[in-house]
Amino acid sequence: MEHLLELRNVSIDLPKGKRKPPVKLVEGVDLSIRKKQNFGVVGESGCGKSITCSAIMGLLSYPLTIGAGSSIRFQREDGSEVEITSLPKSELRKLRGKDISMIFQEPMTALDPMYTIGEQINETLRFHTSLTKAEMYDTALEMLKKVKIPRPEQILADYPHHLSGGMLQRVMIAIALINNPRLLIADEPTTALDVTIQAQILDLMNELRESYDTSVIMITHDLGVIAETCEEVAVFYAGQVVEQASVDVIFHETAHPYTTGLLRSVTSLGGERKELYTIRGTVPTAGNFSAGCRFADRCEHCMEICKKAPPALTEVAPGHLCRCWLHAGEAEQADKEAAV
Amino acid sequence: MKRLSQTIRDLWRDPMGRIGMLGILLVIVIAILAPMVAPFGPDKMVALPKAPPSAEHWFGTDYYGRDVFSRILYGARVSLEVGIIAVGIGATAGYVLGLIAGYFEGWVDRIIMCIMDILFAFPSILLAIFISAVLGRGIGPTMVAIGIVNIPVFCRTVRAAVISAKGLEYVQNAKSVGVKTGALLIRHISPNVVAPFTVQATLALSSAILTEASMSFLGLGIQPPDPSWGSMLSEARSIMEQAPWTAVFPALFIIVTILLFNILGDALRDVLDPKLKT
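Chains as they are written, first to last, in the working numbering: chain A, 1 to 340; chain B, 1001 to 1278.
These aren't lab readings, by the way, just hints derived from the structure by calculation.
Check before you lean on any hint, since a few could be wrong.
To be verified - Heads up, simulated EDC-like pairs for lysine to aspartate or glutamate below, C-alpha to C-alpha not over 20 Å straight-line:
hint	chain 1	residue 1	chain 2	residue 2
1	B	Lys1166	A	Asp158
2	A	Lys89	B	Glu1105
3	A	Lys16	B	Glu1105
4	B	Lys1180	A	Glu228
5	A	Lys18	B	Asp1109
6	A	Lys18	A	Glu6
7	A	Lys146	A	Asp203
8	A	Lys35	A	Asp13
9	B	Lys1180	A	Asp203
10	B	Lys1180	A	Asp158
11	A	Lys18	B	Glu1105
12	A	Lys35	A	Asp158
13	A	Lys16	B	Asp1014
Okay, chain A solo, but in the shape it has when bound (with noise of 0.2 Å):
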């Protein structure tokens, strides 16, 4: 396998009892991510970005499953490839916080109060390693080092609550880096923060994935983020992929409705004052979906077929993935004349 981690046709399913069919959070979702690569993923809130990757972390919440058909491939330090949706707990165990880790939206939340961050990020080594206690505590001081922490020694006896978010941050990602994990899963790391702070957060990501080898799945809705951080994009909306292609493609040659909208609605400095965009409506919820196209309420181009079938992803450049009506035309006429 040459990606290190490939979803194929992976849904998500929230049950609604024996006799009606599951609701489908997120459906035919496929990815792949090669190693060292930086994907991001966008999407407002509440379209199965960050559901998709507590999949990946085999860290779904009751009552949430994954789908029939799903596969979820990772590719494992020593070569060989498991299949996390049918993993036993306790290999997953092993893999989370090992091989795949994750940092979360919140730092002044994701940290237990009553530890000490000396005390969490030893919970980290313990589970993974047989370091003696000195061992471990030399190793934590050198990755709060790493992650630039001003007095790491006190840093390490100090709780929670006497460091700053950014602080947190940084030991955060310490935390899910210390076991020089090949795949960090950062689900919106820079949005508690204030945007000073952002820059340097991502900057050490930027400088940390370099050393570390790590591949990285940046979940955000801040399109600034994915400019400055990410290789490849996808774009999902109501727990589908809409769009997918490299960063320079997303921003330049948009696809996708919903792409040009989010990209609208993104504030610049120095332009001329007018009134933000907004994409009209709401995303619809899971469950309340046409049988169209997802978007076809909100979408300016909404034609009559968009109302009736769903578009299919389809190739509309190479490596350029669009879920549209409105270049399925095109792709299907290159398919035919590539079939001639």
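Put chain B on the given structure of chain A with help from the hints.
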């Protein structure tokens, strides 16, 4: 442990908490020191039967001429012992079941909570009577019976606290770094359960004491001649008109003790519930 001393300090600052703590401390001291401070033995016939309160017999004497004051002091031991052990049984079992039900959810939760709901559906005194009818009379079975009666309320309290703790980001984070289930429950989830659990335990103590008194009153709990507040009340029933003091004083002690535990429980909730703090 820092939290424990802080809690006690906060309680002391609250006037109601102070009354509750001091009062219960007094009851505990009485219970421990009963053999030393009681003027007479609990089942010694020391004076004429049904003698009214006097300088020698502060609370009078009962049908058999036993000193009511001494019996009340000894009775405090039984009440506290039954209360603490019964609540201990109920709290421990309820804690474990609640932790399991809350953490695992799904069918495990449904089975546990279904059993708890069935237990909950019975009035507690009826259930206690039923259990002690199966287990037999005496102090041991009474404690077990009251303990079982107390399981559901603890189970529910703990389960609710566990479910809300599970959603906390740091619990999710601990999971994401590969912390084992046992360690997760003990290190990260349990601290969130302590506050509601402690409050529940204090309130359960008062109801356990009341249940013991009711059971002894019905003749199922503590057997004569051992003194318990409930059994004293029961014995006083037939002579209440001639010697009201035999009923009034044990009843007064039951009421005051329960009131003290409830006051302490309320104060403890105010202190421990962060949502009520300003």
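Going through the hints against the structure:
1. Note on Lys1166(B) and Asp158(A): the hinted pairing is violated, with a Cα-Cα distance of about 24 Å set against a maximum of 20 Å.
2. This hinted pair checks out: Lys89(A) and Glu1105(B) have alpha carbons roughly 16 Å apart, not beyond 20 Å.
3. Between the alpha carbons of Lys16(A) and Glu1105(B) the distance comes to roughly 16 Å, so the proposed pair stays at or under 20 Å and holds.
4. For the proposed pair Lys1180(B) and Glu228(A), the alpha carbon gap of about 36 Å is over 20 Å, so the pair is violated.
5. The straight-line distance between the Cα atoms of Lys18(A) and Asp1109(B) is roughly 18 Å, inside the 20 Å bound, and the hint therefore holds.
6. Distance restraint check for Lys18(A) and Glu6(A): the Cα-Cα separation of roughly 31 Å exceeds the 20 Å cut-off, and the hinted pair is therefore not satisfied.
7. Distance restraint check for Lys146(A) and Asp203(A): the Cα-Cα separation of roughly 13 Å lies within the 20 Å cut-off, and the hinted pair is therefore satisfied.
8. For the hint pairing Lys35(A) with Asp13(A), the CA-to-CA distance comes to about 29 Å; that exceeds 20 Å, so the pair is violated.
9. Proximity of Lys1180(B) to Asp203(A) is assessed by CA-CA distance (about 33 Å); at most 20 Å being required, the pair is judged violated.
10. For a cut-off of 20 Å, the pair hint linking Lys1180(B) to Asp158(A) is broken: about 24 Å separates their Cα positions.
11. A threshold of 20 Å between alpha carbons decides the hint, and for Lys18(A) with Glu1105(B) the separation of about 17 Å falls inside it, so the pair holds.
12. With a C-alpha separation of about 35 Å, the suggested pair Lys35(A) and Asp158(A) falls outside the 20 Å cut-off, and the hint is violated.
13. For the suggested pair Lys16(A) and Asp1014(B), the alpha carbons sit about 49 Å apart, so the restraint of at most 20 Å is broken.
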